[in-house]
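Okay, here's what each chain looks like letter by letter:
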Amino acid sequence: MTLASRSVARNLLQVALDDQAADFRQGQWEAINALVNRRGRLLVVQRTGWGKSSVYFIATRILRDGGRGPTLIVSPLLALMRNQIQAAGRLGIRAETINSTNRQDWPSLQQDVRRGKVDALLISPERLANDEFVENVLMPISDGIGLLVVDEAHCISDWGHDFRPDYRRLANVIRHMPENVPILGTTATANNRVIEDVRTQLGRVGVQRGVLMRESLALQNLELPSQSARLAWLAEHVEALPGTGIVYTLTRRDADQVARWLQARGISASPYYSDARSEGFEDSDSYRRHVEEQLLQNEIKALVATSALGMGYDKPDLGFVIHYQAPGSIVAYYQQVGRAGRAISHAVGIMMSGHEDERIHEYFRRTAFPEEEWVQDILTRLGKGDGLTIRQLEGAVNLRSGQIQQVLKHLSVESVSPVIKSGSTWRRTPVPYQMDRAKIQRLTNQRESEWNEVQEYVGESGCLMKFLAEALDDIDPQPCGKCASCTGRPVVDASYSRETATDAARFLGRSEFPLECKKQVASGAFTKYDFTANLREAYRANTGRVLSRWGDAGWGSLVAEGKHDGRFRDELVDAAADMLNHRWIPSPWPNWVTCVPSTRHPNLVADYSRRLAEALELPFEPIVTKIKENEPQKLQQNRYHQCRNLDGVFAISGQLPAGPVLLVDDVIDSRWTMTIVAALLRRAGSGPVWPFALATASIGA
Amino acid sequence: MTQSSQAQAMMLLTVSLGKSGNADDRPLSAREWSRLAAWLNERGMEPSDLLKGGLKSTLSGWMDRSVTLSRLDHLIGRGGMLGLAIERWRRAGIWVIARPEPEYPERVKRRLQQASPPILFGCGNKALLDRGGLAVVGSRNASREDLEFAENFGSAAAQQGFSIVSGGARGVDERAMLGALGNDGTAIGVLADSLLRAGTSERFRKHLLAGDLVLVTPFNPEAGFNVGNAMSRNRCIYCLAETAIVISSTPDRGGTWNGALEDLKAAWVPLWVKRTENESSGNPELVRRGGRWLPDDLSSLMCLMNASTDESDVDQPGLPLFEAPQRDAVR
Ligand SMILES: [Zn+2]
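Quick note, the sequences are listed as chains A and B, same order. With this note's numbering applied, the first sequence covers 1 to 701. With this note's numbering applied, the second sequence covers 1 to 331.
Chain B on its own, in the form it takes in the complex (with noise of 0.2 Å):
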């Protein structure tokens, strides 16, 4: 399987192939490659056309303040090292999918628009990221009352039908998703570093084989752990789920706490809060902004979707992304 030639060209000027020195050389953000990719669009071009012939002429006219020409050159010419990356990457199971392309979460891609990631990066079953499902998230040092909530929703989950979204990290996030897991359930794990290794790992693979289980990253599968790339994670955690349960939070700091903050904002999915004795918890001050706590009686998750915000205020008709079919293509 080689990736489109789409694809290729957006992995070259958004993926983060090694240390790169030099912060000019830095590749595009999502929206810096969303000003581009509308740009281009524009014109009638495709990603793919910046692989042919001179960058110059065919970005003439282009005029950015961060998205400067020598950057694109930069990037554009990381052809050797793409491919030496994605060898590796293949080899090890894992697959990529570019925004314009039909396997592309429709709910991310809806929600986040612009700042929809380029690239997704993932192993396991591909047909599970438009499943939907229930958010579950929660802080690394839950405790344990909350870690075996976590484990005891996600079978609950499993039981009704429904898959587990979570971050795939250790606490809260591993056993929400475990939990649904071990009883014959699906889930989606969204990782924020590391993916080569969590899709290698005892605890991930056999459910990977099995079609039970994928795991995607934005971000190139063998980074590190950082905490810029963890936060922009927690977004598509939420817009890749029909509704959100926070477990712990810590308030005023950490993921937790910013991802729901930032949903409620953007109001992708309902938030439901667990209710806590903890007298340190953010979860009331959740609550008091917006979240509503989670019932006691799990025997019928799908309340939880009911109250869903109505989706069609989400959308945005009239951007440039989202005007007509062909113009997927370049998303």
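Isolated chain A, as found in the complex (with noise of 0.2 Å):
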């Protein structure tokens, strides 16, 4: 049944770019046609700036006017980009988002999805993976889907160098749809194994490819191994970029130290990663939102991001992408590094590469997957009953609630899975349950040899372009003629002058950031202390600071090292101080320094307190000690047995001294010490506390 033909559909491409003469790339035709006419499935591969929303626009209006439902779009993209809502609203298409941060305009959303008002619906893979929102908001409306548009199909696939577990369920989803629904799915980053997984897994699917070269990028690598060298280069050498861009980060805490930097070299630049959150907007949603418009706008230089950016992001003239650290994959590269010189004739693509770039790709590939024993503890558990909610887990699993709920997701995205959740609470199905270690252990080697490509690439001495082409089975890889090995010679200067690397170190050096106590205690857990689970403002501590990351540039190795030499150097003493006296500035000033006592190690903290102590010129003193034994804290997963773990365990004892106190600790990781040291102090009369460490030992990743 033919619902439109080519030269209706164009004149609508027409209507929609705004021109009369404009024409189909290749490709867009077919697919449009597959789509409405045979009520196709298609995977669609082509680069950036191709034009399939185009495609799926064009192909919304066809099947509204022929009396099909409404257009769901699953995009990571927190809202569609300007262009395509102008070219939707040309083809007089209602495209609407539901998404956390417009909550309150989803009843009203549903009902005009009912009503037949909304064309287009974007929702994000993590939407879809919510079984709440599924069953109340997604399932009443979703009865008439006349297509269904997933944006970075390649994420299905578990080759796929950023498979999401989100999408292992959208891939469920669209297995169990009957063939009526046609679907479209669309990537800029595919190889040949990473197609055949996406049609495997989603069944009966075309492909379509195009030619993923850009020609306008310029590619070079640079080697600069420590932090403050790259720093250096990015506060010389950013703001002589072409236009505006993005510099790419491993984790959430580079992602922040190299935009403060930039901001302290007067470089206009926001950093963003899922999460990412900023005085003065109300979540993470709409602060990135907000940064994203900028750049779009070109209001900033540059933001500084995870690979949470890319995804979707659709700017034409994006100048330059910058890798501060080498990503795990060529085809992650391609993808971060692509979005760059669409629709400009000059754009640059720069990737360094760090000396702790494996340190930290090392852990992701171990963290990737949850161990075997969090899942078994977890569904021993929930074979017991009729289900628990994520706080009864806590209190029944000695595990984080991190680890809960990587668990969880885990196991929730299985085609037929172990648990399912029902309303708030989780239950055991009756599946049987082996986890796929032969599974994980492809997967993990997998990421390996990626990751080995990578280094590859870092040596390469051939075009840069051809690598990447040639890694993502482009249809016929050329040398590009433009890249620092084509040309000769570098496309940007690789020098940095010493006095900005020296003020870089010193940079590295004063990255402390804020240490918040916290606020709740699990309820129940300190039957000695008997502390309510909303712990009393009196109790609480003042907003404190940590010098450094565990084993990281700046402080963090001094700390390690100390750690394991069993005395904290002066260094650190002078640091901490410096800190205190400059920049952290406490107010009201501290009248004296304790400590967190270790039966462990009974000297290490207490002899640095002393020391800086001395350095503050305040008097140290001893006073909380710990009057009972109990298991390492780090051993302790999650809030409630860190807390039971704690209770009874300090007192104070002595003469209390007046006036605010600085508490000082040496690793933290979880700040339940902290929290409960400090209300155990204020309790017995103390002034405020500041609280003190010198390494917090998560990765920030």
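Simulated from the structure, these hints should not be mistaken for lab results. Errors might be hidden in some of the hints.
[Stated by the list, open to error] From chain A, some residues computed to sit far from chain B (all C-beta separations above 10 Å):
#1 266
#2 279
#3 365
#4 577
[Said to hold, decoys possible] Here are the simulated EDC-like cross-link-like pairs (lysine to aspartate or glutamate), alpha carbons at most 20 Å apart as the crow flies:
#5 A:528 <-> A:450
#6 B:206 <-> A:377
#7 B:52 <-> A:143
#8 B:56 <-> A:631
#9 A:439 <-> A:372
Computed from a predicted model, the values in this text were never measured in an experiment. Glycine residues also receive a C-beta, built at the ideal position from the N, C-alpha and C atoms.
Combine the two chains into a complex, taking the hints into account.
Here is the structure:
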């Protein structure tokens, strides 16, 4: 049954682009034709900017005119890009987003969908993987979906560099959709193996491939192993790069740090990662949308982002993409660098690689899957009743809430799963379960070989673009004639001044960050201390500081060394005193210093705290004592067990000095110890408590 | 495991997937579906043909007062919703059997014919569905004595190698089933609602995992309780079994009473009625209407099967659904 001919569709294209001469790019009409006239299923592999949104909006218009229901677009992007909304608007398509920022509009949006007033609905894969959302919001309006669009469809493949569990759920949904629902998957990055995998997962899907090479992009690699060298280079060169762009980092904390450095050097840059927040913004989504828009409008020079930015971000005039650290795979690299130079004649892609990359990727691989033991613990516990809430699970198993979440996520994207969420409780299903160790090993090996390929790229002496194109199984890879290898001269100057590098090193040494103690404790965990779940205001610590991250550039490696040697070096005393005196400047200023006691290393922290007190010219009063031996706090994995493990352990002995106090500990993780010792001090009548720690154990990924 | 496109088409047309505001959009009943299936069959078509091309041309010539083209068009357009629903149910370990599929219980198809549910959702060991067994029914608020009897009866059945077929509800149903399951026996639970909840509950889970239990329902696995559904579910209990035992009944009302009368009328399986001292019980009346008193000695339950209705009487060859094996595909 033919709904529309090519000429009708072409007219729509001209309307959408507001261009009377516009004609389809290679593959666009073929895709529209397959979707609307054959109700087909199609995976389109085309580079960013090819015009996939024209395809699905024109298809939507035709289907709507043919009496079909609205299009559901599943995309990791938070909102449609401005140009897409304009194109949709010209076609008379009302496109709406349902996401966490517009929760208050959901009921009216639902109603509008039911009344047929909405033509395209955009939701994120995370929403689609949320059982409550699906049941209460999506199901009631999904009875007439006319077309399903899956953006970044390569994420469905677990061969993909960024397989996402939420997409696995989506693939399962699609497999259960009858063949009369047309489906369009789009991606700009997929090699043959990923395409094959997506086809297997979705079944009966046609594939259309375009050329992926990007002609305007000039690539170069920069070997600057130390972070201070890379920061120095950025400070001196970013401003001169064409237009505006993105600096990619591997971890959130690197995104924060690099953004702060650039800001300190007078370059307008903002951090971007999932859950990034900023004052003045209600939540992370609204902050991120704001900075996405700022970059789009060229109001800032750069976003410093983790891989959370890129998926679907379509800025035609992006001038540069710099990698502060090397990404985990060539496919990931292409996806990120390929965002640059879409509709401009010259753009640059620079990959720097640092000596910390290896460690971070190793961490990513190691923590990609939950431990089998955690899985067994949780399944055993859920097998004993009619379901538990997350909070109840935390009380029942000794796992961190992040670990519990990871296990439940891992299990619940299985097509037949041992767990299911019903309301707020998780229930064990009547499905036998065995963790697929062979598959986990296969994926881990896969990631290792992908990482090796990135290192080959770093050392590549031939054309860099050709290297990428070959790795992506592009149709006809050719030398690009633009990269540093092809032209024989650098795209960007690799030099930087020694002064800037020294400044950068100093900046890294000043990368302390706030330490917020807990405000709520696990209820029922403090029977001896008798703390209520909501810790009284009068017992709470002030906002403190952490000097570094364990083992990191800056002071983190000295902290690790000191812990190993049994003594923290004087540099760490000076660094802390300098921070207190010049940057933190707590007010009211502390009158005395005390520390968290340890029975395993009775002198380490006390000795350091005494020296710090001397440097600050304050008395050191070790009045917190340990009256009960407990298990190491790092073995306690969730809030309930962490709290229980501290109950009755510490006591305040001796005369309590008057006034505000600086409370010192060496390495903190969950912050419970600080919270409780501060509360005990305050209950014993101390002044305000300023907590301070030398390092935090978390990697900040 | 993906569903066949036959099953998908049948689910689109017959399964309630959410609150349907509009009465004209309600899923087809078993009989409505059977009419459409027979019509397609006569024209050499299959349910999955409704998923291809235009419905109007596929169904040209279809005339039905209640099953209108626009109703069918709406139902068949629920593909997105179906994908979301089935994905969730599959995840919880729930499978689907459509009437034309070989795993569909033969007894139900033979006895209920066009009224047999087009789709069965279930979890646990499918193979038990064709094992037959002893149906045990009784009202929800049975006496303690009756509940104990139900449990003892279940364990006696297990010891003699028979399955228990029951409704899975609290009370007589559950006690009879758990009586069997607790004695290494097997059971079939036919639920009127909330299959997903029952399948993930502690009382049934371990038996489902061990392969000793199968739970099935003709309705949306997350549907709540509904009197109409409970009534039509009762038929499936009788039709999956080889013989039936009424433990307790309230005269002139309730599912147990109506279900028992329906069995007496249709003569699906012999109906045995437990003796009772209770004067308000409907049991004596059921015997008056054709049931038989359950013998006191339960050491040989085989004798309850022997008085079996001649099943060839129930078969009605000549109905289009049963003519030839190749036609099974469109049932
Ligand atoms: Zn080149």
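Taking the hints in turn, this is what the structure says about them:
Every beta carbon of chain B lies more than 10 Å from that of residue 266 of chain A, the smallest distance being close to 51 Å; the non-interface claim holds. Every C-beta of chain B lies more than 10 Å from that of residue 279 of chain A, the closest at about 38 Å, which supports listing it as non-interface. In this structure residue 365 of chain A is separated from chain B by more than 10 Å, as the shortest Cβ-Cβ distance comes to about 27 Å. Distance check for residue 577 of chain A against chain B: the nearest CB is about 57 Å away, which clears 10 Å, and the non-interface claim stands.
Taking the CA atoms of residue 528 of chain A and residue 450 of chain A, the gap is about 52 Å. The hint is violated against a cut of 20 Å. For the hint pairing residue 206 of chain B with residue 377 of chain A, the CA-to-CA distance comes to about 17 Å; that is within 20 Å, so the pair holds. Taking the CA atoms of residue 52 of chain B and residue 143 of chain A, the gap is about 18 Å. The hint holds against a cut of 20 Å. Proposed proximity of residue 56 of chain B and residue 631 of chain A is contradicted: the alpha carbons are some 72 Å apart, above 20 Å.
Simply put, residue 439 of chain A and residue 372 of chain A have alpha-carbon atoms about 13 Å apart, close enough for the 20 Å limit, and the pair holds.
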